[in-house]
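Undergrad: Chain by chain, the residues run as shown.
Number of protein chains: 2
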Amino acid sequence: MTSQTPVAEMHPQRWGAPESATVLPDSARALVDLAFGLQDHPAVVGATPPPAALDDDLLGALRALVGDENVLVDDATRALRTRGKSTPDLLRARAGDLTDAPDAVVRPDGHDEVAAVLAWAGEHRVAVVPFGGGTCVTGGLAARRDGFAGLVSLDLVRMKRLLAVDEVSMTATLEPGLRGPEAEALLAGHGVTLGHYPQSFEHASIGGFAATRSSGQSSAGYGRFDAMVVGLEAATPTGPLSLGSSPANAAGPDLRQLLLGSEGAFGVITSVTVRVCKAPAETSYEGWRWPSFAAGSDAMRTLAQAGLLPTVIRLSDESETAINLADPSSIGGAGGGCLMITGYEGTIEQVEARRAAVTAVLTDLGGTPLGNEPGQAWAHGRFGAPYLRDALLDHGVLVETLETATFWSGRQRLYDDVRAALTSSLGEGSLVLCHVSHVYETGCSLYFTVAARQGDDPIAQWQAAKAAASDAIVAAGATITHHHAVGTDHQPWLDREIGEVGVRVLRAVKAELDPVGILNPGILIP
Amino acid sequence: MTSQTPVAEMHPQRWGAPESATVLPDSARALVDLAFGLQDHPAVVGATPPPAALDDDLLGALRALVGDENVLVDDATRALRTRGKSTPDLLRARAGDLTDAPDAVVRPDGHDEVAAVLAWAGEHRVAVVPFGGGTCVTGGLAARRDGFAGLVSLDLVRMKRLLAVDEVSMTATLEPGLRGPEAEALLAGHGVTLGHYPQSFEHASIGGFAATRSSGQSSAGYGRFDAMVVGLEAATPTGPLSLGSSPANAAGPDLRQLLLGSEGAFGVITSVTVRVCKAPAETSYEGWRWPSFAAGSDAMRTLAQAGLLPTVIRLSDESETAINLADPSSIGGAGGGCLMITGYEGTIEQVEARRAAVTAVLTDLGGTPLGNEPGQAWAHGRFGAPYLRDALLDHGVLVETLETATFWSGRQRLYDDVRAALTSSLGEGSLVLCHVSHVYETGCSLYFTVAARQGDDPIAQWQAAKAAASDAIVAAGATITHHHAVGTDHQPWLDREIGEVGVRVLRAVKAELDPVGILNPGILIP
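So the sequences go chain by chain: B and H. According to full-length UniProt numbering, the residues represented by the first sequence are 1 to 526, in order. According to full-length UniProt numbering, the residues represented by the second sequence are 1 to 526, in order.
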């Protein structure tokens, strides 16, 4: 069964569908002008990609595999498959830089056609970039093309089927091209949900969630995406991989966990079997105020270690709370402190029981309940931040995010060090905001958002800040990325995370599964 | 800090410490005689291993690395490090067959000494078998020695420290040689517990739990061992691996999950950092009766999918319930049906709340509460079955177990098919019992125990039954092992589980981490 509500293409220079593009809200203009100065930074219009490198013989062989209509070489399509949606990606796109455009976009349908495209690419030494939703923010769609005859974007847009639902085992098998809303619409037909809502939800794909170890805003309740996966199939240049005999087993290393997070460098994930849950009858989001980020974080830790997490739990630091644009009326308000959002999903009984238990703990720890309004405001605006980024880029404000995770005992140091590194690099007048949005019994994520007035070279400006933050992260022993994947941006720090031997293991697996090295060259593996 | 309560060596021909050896209980003699005929099968006494193959020069170099007293070549020590504790292993040991004895037992202390021993072994082409508790039941300690200058058992007995406890993050870092009770005694000093209680608990080691993806009887509450691990260090011939920046991350594939379950074939795990929980203030075990295995299984599924699992939940099928030797008074009793054990651990409030919620669901589904007595009987006898096996082997009764797991929708077929395969292979008069002891939202394990009168070649008798069961398991698409690992016994079916490409990935990782192939040759990887 295929989704009846296809997700629209994103704007080539902005986040989201073209018709959804927004301008800076009036309520924020004065504040932004005061903080950074309003500048006019329009995007270049009418840029075209460089001429395609693949000749007609090569393209003809490709067309024979997937059909003429599924090998696209027009400029507009190639522009739409150029890079992802990090701020550097957007800055390049806005500047009219399409140098990373693929030579062609190929749209195979099904595992066998994907395998055939990989065989064609291996034979002719063509680099292949698997493409799901195009929402990557770590440079994972800008593969290296030197040494290759060309580069194609392997677009999974035709693979959007719900292949199976097992309502006894509560699993669903999904094709990788399904975007978040398409998958949820199909699952809703069976009364079930994945419950996976990263900020990229509206455009990101099932295959992308798997290939990048995505984590959603409801991770406290539904788990990370990698924790939902019980099976997967992948096409690799070496052959097919089909994994998932059981929820868990002891039949050697868990190879599912080797494909999850492999970012298209080991193979193309052609289906994913995931644990699903009954669609919630009740959802309820609330706000809490804490006197400090530390006090709110400690409360999160208490809940996680007591096995009492809500479905959604997130905590903004003092700065993010003050700048909360999702609720402009609260800016500079008398409240102060740190805003926490708690969300509950499930049956009415589950929601009530969990809410009562959590409320008792949070009240006991000194939290102040703020009722449903802040929760509803958050839920309403939960996918909106990337649109605001575009509106700020229009006005010469550099906005970007980065995220990390550590164990609870290291949280304060990590927060202090990364904040100091970003502030020091971006200079006076920059804003550094942070929130915790994914918690575990043993630790949590930290998600930073920065804003600064753009200098002459905003990409270099960000790269310097990112490098300073990444250095601080690895020095603190934390992870270089909790849920955004490695791509190219995190690669310089990967060996600090998994060691030289860990990198060698990745290279060995890559050499076995992709001996010619056509899959996402330069992505993930240093 | 090191444990003050060292676990004793196991008997070379039986499970458990020599002084714990038992005879067949009087209450069972008549039943066993009726079912299988009481025979007298004494073990051979005084067998010695073949002469050691390593010469003095090689041993001298090894002694220089770890100290003279830590290179042992006496027959008794070598005999104690021969194979594991599967029924075929015991049958061989009882027959006086010590042909798999190592040439020496080497006891390094710490990561660097382990690495030095691996370097020595690589240089001289000596096979190395990492040894933790020696409880393996899948042939994982009988490495291949052809093509090697010799074979040493790398005994982790000196690595028994609790290296760190982080009471904020609720993690502990343990050395691999700690046996279950030793680890728990050290953790109890900090008021925390791992909560990992496989049947082998009294003798198995932390390193073994990690290397084999062990799952304990309290897995519903505390999780599988692999789910507890947040970090690990390993010595490999290629170099050190140190993983675990964070509870979870997106920094590429999760390489922790590649070392977990690697059965000593990729490296020697030299420390493990695990999530711990507060030691429970309250524990409570209860019994329930179900009209059928299917009804009880469905109730387990309902609990798992509602997020309402007890800490322990297990369900015996009709046969296992009838033959429940842990509670002989119930045999042939009027109850019939299937016995379920539910256990609750935590604070008094947690135990009461979870018990109330579970009781409501189970009552609603048609379960009959049996009170605490069956629960206490189970808890009292939970580690006892392997002793009973020895007592039955003394009387010529072949007893062995195997286990698998599948998704809920496949449970009935898997149960029927494996049961039929075992019954058919072992013939009339054999007993096949089954229980579910590990449940997930999407599926469960099935654990089979068989008993039959020993034929002339009991090892071949079991191997035929095991092969029939394994064929049925892979035909049903289930896992060849839920928590006993691959070893050598499951190897013929591994390619059916992970595919030819999956096996190639394991080989590639092995070649990278252990290029000479000294680590556990012939184990895990076909």
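Among the hints, a few may not be true.
To be verified - Computed footprint of chain B on chain H; a stretch qualifies when at least three of its residues, placed anywhere within it, have a C-beta under 8 Å from a C-beta of chain B:
hint	stretch
1	19-26
2	86-93
3	212-220
4	243-253
5	317-323
6	501-510
7	513-520
What the hints contain is simulated information worked out from the structure, not anything from laboratory work. Virtual Cβ for every residue (Gly too), placed ideally from N, Cα, C.
Undergrad: Where does the structure disagree with the numbered hints, that is, which hint numbers, in rising order?
TA: 1, 2, 5 and 7
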